[in-house]
Amino acid sequence: MTGAQVLRVEVPEDSLFGPENMPYGVFAPPGGALRVGCRLGDMVLDLAVLLDDPVFARPEMNAFLAQGSGRWREVRARLRALADTALPIDAVYPLTAVRMALPVRIGDYVDFYASIDHATNLGRLFRPDSAPLLPNWRHLPVGYHGRAGTVVVSDTPVIRPRGQRRTAAGTPDFGPSQRLDIEAELGFVVGSGSTLGAPVTVDEFTEHVFGVALVNDWSARDIQAWEYQPLGPFLGKSFTTSLSAWITPLAALTQARVPLPAQDPEPLPYLRGTGDFGLDIDLTVAWNGEVVAHPPYSRMYWSPAQMLAHLTANGASIRPGDLYASGTISGPEPSQRGSFIELSWGGTQPITVKDQTRTFLADGDEVTITATAPGTEGRRIGLGAVGGRILRARDT
284 MTGAQVLRVE
294 VPEDSLFGPE
304 NMPYGVFAPP
314 GGALRVGCRL
324 GDMVLDLAVL
334 LDDPVFARPE
344 MNAFLAQGSG
354 RWREVRARLR
364 ALADTALPID
374 AVYPLTAVRM
384 ALPVRIGDYV
394 DFYASIDHAT
404 NLGRLFRPDS
414 APLLPNWRHL
424 PVGYHGRAGT
434 VVVSDTPVIR
444 PRGQRRTAAG
454 TPDFGPSQRL
464 DIEAELGFVV
474 GSGSTLGAPV
484 TVDEFTEHVF
494 GVALVNDWSA
504 RDIQAWEYQP
514 LGPFLGKSFT
524 TSLSAWITPL
534 AALTQARVPL
544 PAQDPEPLPY
554 LRGTGDFGLD
564 IDLTVAWNGE
574 VVAHPPYSRM
584 YWSPAQMLAH
594 LTANGASIRP
604 GDLYASGTIS
614 GPEPSQRGSF
624 IELSWGGTQP
634 ITVKDQTRTF
644 LADGDEVTIT
654 ATAPGTEGRR
664 IGLGAVGGRI
674 LRARDT
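So the mapping is simple: our numbering equals the position in the sequence shown, first residue as 1, plus 283.
Wrong hints could be hidden among the right ones.
[Said to hold, decoys possible] No farther apart than 25 Å at their CA atoms in a straight line, the calculated lysine to any residue pairs in the SDA-like style are these: (1) K637 x E649; (2) K637 x L334; (3) K637 x S618; (4) K637 x R504; (5) K637 x S627.
[Claimed, not checked] Taking CB as the label site, the calculated pair distances span: (6) R354 x T640: 38 to 46 Å; (7) D438 x P544: 54 to 62 Å; (8) L408 x E549: 45 to 53 Å; (9) R663 x P455: 30 to 38 Å; (10) T433 x P544: 43 to 51 Å; (11) E293 x Q546: 40 to 48 Å; (12) V636 x T478: 33 to 41 Å; (13) A380 x A545: 43 to 51 Å; (14) T379 x R663: 18 to 26 Å; (15) Q546 x A340: 21 to 29 Å.
Please keep in mind that the hints were generated in silico from the structure rather than gathered at the bench.
Idealized CB from N, CA, C, for every residue including glycine.
Given these sequences and hints, build the entire structure.
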């Protein structure tokens, strides 16, 4: 690089994206093709140029993820060292000048239901005369397989879905969802795959999962309510799932690890490990620019390591780029609820947003979810954002 122009990226002390963070994403520079980069302050670093490595000159991160945890640690160490040096100018782009894309090619997507507060709230709403938690809930991380092909990058518009809805007469009609909702979640991106027939243990979590990203698993509650028995979520969930453009590596979250809440009864042996993997991550949900909730991930009952162990317990394999999500993150307080069905208590308690009354999402509404966590340098780091704007349903 003799004679090449260089610059030093200046990162403010209070930035959520300093050298201790450096999340990964896929971007297109002006007039260029998609490639892998990482974020430093308000800049995006082109890793193919910076590291002179063609594995990053691709439109998704899968090939890098497949190289395994040793390679992830090596690249992170190099990037953290380079962050304090002058960088070649052709490897650095302002965040505002690039186009972000889905960071991974997702082969499979699984959505869990791991928040005891969320599950309890919905149980009280849907089964007011019964115990809020079903008998299996404290014994296993409940989940379902979603639709990977409709996972989209943050800020992709969300078209209001159409489907069957139960009428007051008890029979269905067909039309746009009238109870369109969000689910504030944390997603986990698989790096190293596994062999079919060989379960992944709780203690192998960090060898297989590369990092985390914010998820909004949009939900059509009225479509879901009519269709979900007896087989669970289907069209009410599969129309769109939004994923943050940035994946924060687990290595950036070592100071965010906290013990799990007490699990009673004790999980079966395959769901036990030698270390906890609760995470102290605080989310913020903004509806049309107004903050309406602060869901705490630290309250989650089941850890991501337990979710992965259960996902593969029957021998199901995982592949680089696979995504699984926590399910809605909620806390015990009304201000900590990560879905609007909870915030409005089933639509019976309207919410005032920018001087307008809401229960569920109207056309034109925008939702943005952000999050922060303790970083390795004694200050908080950011997990990016996941946002989307609701467009009216198609006529046909």
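Which numbered hints turn out to be false for this structure?
-> As far as the earlier hints go, 2, 6, 7, 8, 9, 10, 12 and 15 are violated by this structure, in ascending order.
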